[in-house]
Amino acid sequence: MATNCKLKRLNAGRDHIADNYQAPLSLSGIAKCSYMSPYHFLRVFKDTYGETPNEFLIRLRVEQAKKMLITENFSVSEICEKVGYTSLGSFSSLFLKQVGVAPTLYRRRLWALSTEVYRFPSQAIPACYAYNFLGKLPK
Amino acid sequence: MITSIAHTTIYVLNQDEALDFYKNKLGFEVGDDMKVEGDFRWLTVYPKSKSQLQLVLAEPKEEPMFTKDSAEKIRSLIEEGAFGAGVFETENCQKTYEELVAKGVEFIQPPTEQLYGVEAMGIDNSGNWFSLVQR
Numbered sequence: 052m053a054t055n056c057k058l059k060r061l062n063a064g065r066d067h068i069a070d071n072y073q074a075p076l077s078l079s080g081i082a083k084c085s086y087m088s089p090y091h092f093l094r095v096f097k098d099t100y101g102e103t104p105n106e107f108l109i110r111l112r113v114e115q116a117k118k119m120l121i122t123e124n125f126s127v128s129e130i131c132e133k134v135g136y137t138s139l140g141s142f143s144s145l146f147l148k149q150v151g152v153a154p155t156l157y158r159r160r161l162w163a164l165s166t167e168v169y170r171f172p173s174q175a176i177p178a179c180y181a182y183n184f185l186g187k188l189p190k
Numbered sequence: 008m009i010t011s012i013a014h015t016t017i018y019v020l021n022q023d024e025a026l027d028f029y030k031n032k033l034g035f036e037v038g039d040d041m042k043v044e045g046d047f048r049w050l051t052v053y054p055k056s057k058s059q060l061q062l063v064l065a066e067p068k069e070e071p072m073f074t075k076d077s078a079e080k081i082r083s084l085i086e087e088g089a090f091g092a093g094v095f096e097t098e099n100c101q102k103t104y105e106e107l108v109a110k111g112v113e114f115i116q117p118p119t120e121q122l123y124g125v126e127a128m129g130i131d132n133s134g135n136w137f138s139l140v141q142r
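For the protein sequence lines, the chains are A and B, in the order given. Heads up, the first sequence is in the working numbering, so the first residue is 52 and it goes up one at a time. Heads up, the second sequence is in the working numbering, so the first residue is 8 and it goes up one at a time.
Bound-form chain A, shown alone:
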């Protein structure tokens, strides 16, 4: 585990990724925010957070894409660009790997389940919460 001071510097790099996930990011640029060499930053980041900076970035982009797919009416290509990818192919395959289904299918499935437009269906949250908060038992 990183020391308090190192953790603060590391968090600065992590925050830089979170604040700029839609922009092109380089490991050396992110590592600079933490005053570390790219290799050292990569190693300590993975050690501290359990994922690499790139895995963290992909997770943020995919999570944002999931939200936009359901709550916005943008096309998949537009969402791909908005979350920071230039290649629709790369975005779709990363999305498929993370979520288990392609972006279009994800949108179609969740929209079909929801009773309201541009809202996630109750099935998107853990069933105990859906029951507690929304009074809905899973079908």
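Keep in mind the hints are simulated off the structure, nothing from the lab. Even glycine gets a Cβ: it sits at the ideal position worked out from N, Cα and C. All the given hints hold, so there is nothing to weed out.
Straight-line alpha carbon distances no greater than 25 angstroms define the calculated DSS-like cross-link-like pairs of lysine-lysine that follow: (1) K83(A) <-> K55(B); (2) K118(A) <-> K55(B); (3) K30(B) <-> K97(A); (4) K68(B) <-> K187(A); (5) K187(A) <-> K42(B); (6) K59(A) <-> K55(B).
Pair ranges (Cβ atoms, derived): (7) G91(B) <-> T137(A): 45 to 53 angstroms; (8) D70(A) <-> G124(B): 31 to 39 angstroms; (9) A13(B) <-> A163(A): 22 to 30 angstroms.
Chain A regions said to be covered by chain B (calculated; three or more residues, Cβ under 8 angstroms): (10) 95 to 107; (11) 168 to 175.
Here the structure of chain A is known, so what remains is to put chain B in place on it, guided by the hints.
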């Protein structure tokens, strides 16, 4: 075999204000912030760490969650400080305490030696208290 805890709930008075507190004061990250059918906002936060535990920041609302009377009772209990948000761990309790105080976080107990480590006790902006522990 159960391997970890994924979500636990903290009832808050206002989700926007609670998000500001947990994100901008405590330094947590947003897990989910989703609009769910039934005008429900699924909002989770988590500390920057390996931990997979997400805190669900939920407002106690009337039907179907609670009766009107129960929702009002829970809201007043939160304001009274009847609920604890849990234990947050830190590498250096004194330092983190000082940083949080500088950000305006209210503490009811400064860092104190306990049998299990150094602990300070703070309150979130709804009224839930939490421990800040260095083991």
